[in-house]
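Working from the sequences, and respecting the hints, build out all of it.
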Amino acid sequence: MARQVRALTVLGLLLAPGLAAAGTVEVEFEVPVRSMIDLRGYETVTIAPFLVPREEGEAPIERRGVDVQEEFDRYMRRILRRRAQLKYVPPRGVDYPSTDVDDLAANADFWRVVAERSQADLVLSGSLDFDIQDRSGYRTQEYTSPYDGRTYYRQVLVERSGFEYDIVLLVFDGATGKLLHTDNFKDFKEFEGANADPLAGMFQNLLALEDRIAGVFTQKRIRTSRLLFTD
1 MARQVRALTV LGLLLAPGLA AAGTVEVEFE VPVRSMIDLR GYETVTIAPF
51 LVPREEGEAP IERRGVDVQE EFDRYMRRIL RRRAQLKYVP PRGVDYPSTD
101 VDDLAANADF WRVVAERSQA DLVLSGSLDF DIQDRSGYRT QEYTSPYDGR
151 TYYRQVLVER SGFEYDIVLL VFDGATGKLL HTDNFKDFKE FEGANADPLA
201 GMFQNLLALE DRIAGVFTQK RIRTSRLLFT D
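Be aware that the sequence shown starts at 1, since it is given in the numbering used here, and climbs by one per residue.
You may find that some hints are simply not true.
Beta-carbon label-pair distances, calculated as ranges [claimed, not checked]:
{"hint": "1", "residue 1": "109", "residue 2": "67", "range": "23 to 33 Å"}
{"hint": "2", "residue 1": "99", "residue 2": "142", "range": "49 to 59 Å"}
{"hint": "3", "residue 1": "210", "residue 2": "52", "range": "18 to 28 Å"}
{"hint": "4", "residue 1": "155", "residue 2": "67", "range": "35 to 45 Å"}
{"hint": "5", "residue 1": "97", "residue 2": "182", "range": "11 to 21 Å"}
{"hint": "6", "residue 1": "27", "residue 2": "99", "range": "49 to 59 Å"}
{"hint": "7", "residue 1": "159", "residue 2": "87", "range": "41 to 51 Å"}
{"hint": "8", "residue 1": "70", "residue 2": "102", "range": "22 to 32 Å"}
These are computed hints drawn from the structure, not numbers from a lab. Glycine residues also receive a C-beta, built at the ideal position from the N, C-alpha and C atoms.
Below, the structure written as structure tokens:
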């Protein structure tokens, strides 16, 4: 064993100058990443209404011009049609026995009935929490006086709006009602102005999350790089 170690050490010393003299080149290439769900055998999908929780006293988001559930339903149908090639079928007779996401995730009998009524191979559901935040506040700003040329600091009100999207996604097998996959997607975006458009904020959130959401259903390719030694 000691003789082998000494031999490898000598070999390493002999090769080291060659490696040091050799150049390197960075090569970029794409690597396929498998989808979270194997869609073989699945052709149709239905999207059951996502639960939209509200805090007590919170103003309804619909009054601010955004129907969270409707917009997300439209968004998911586009993702499933374009990137997963699944045929959408509308849900029928969805009457939730509970508003607790964990309880619903474990209720295989309920989801099997939903799939049977809708004639769907897959059923999607979950919860959506779209939070509109007033991020306005005072910031310290540096300025130079035009009178004496000296630098001062002052407090300035900066109006900003924040949009936070929290999505819980549940995917069920239609034949058995069993949960195939669950995931949680979160994103936060901040915009100038106290009255920034909530719909624009929502779609910026969804744009940031799109590859991750689509990755549940479709294979994606990521770019990576490696260093290769050259002669």
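Okay, the hints, checked on the actual structure:
1. In this structure the supplied range 23 to 33 Å holds for residue 109 paired with residue 67, their Cβ-Cβ distance being about 30 Å.
2. Evaluation of the 49 to 59 Å hint for residue 99 and residue 142 yields a pass: the beta carbon distance comes to about 51 Å.
3. Between residue 210 and residue 52 the Cβ separation comes to about 20 Å, which falls inside the hinted range of 18 to 28 Å.
4. As the Cβ distance of residue 155 to residue 67 is approximately 38 Å, the hint placing it in 35 to 45 Å holds.
5. Separated by about 18 Å at the C-beta atoms, residue 97 and residue 182 satisfy the suggested range of 11 to 21 Å.
6. Restraint check, residue 27 to residue 99: a C-beta distance of roughly 52 Å satisfies the suggested window 49 to 59 Å.
7. Distance hint for residue 159 and residue 87: a CB-CB separation of about 46 Å, consistent with the stated range 41 to 51 Å.
8. Restraint check, residue 70 to residue 102: a C-beta distance of roughly 25 Å satisfies the suggested window 22 to 32 Å.
When the structure is compared with the earlier hints, no violation turns up for any of them.
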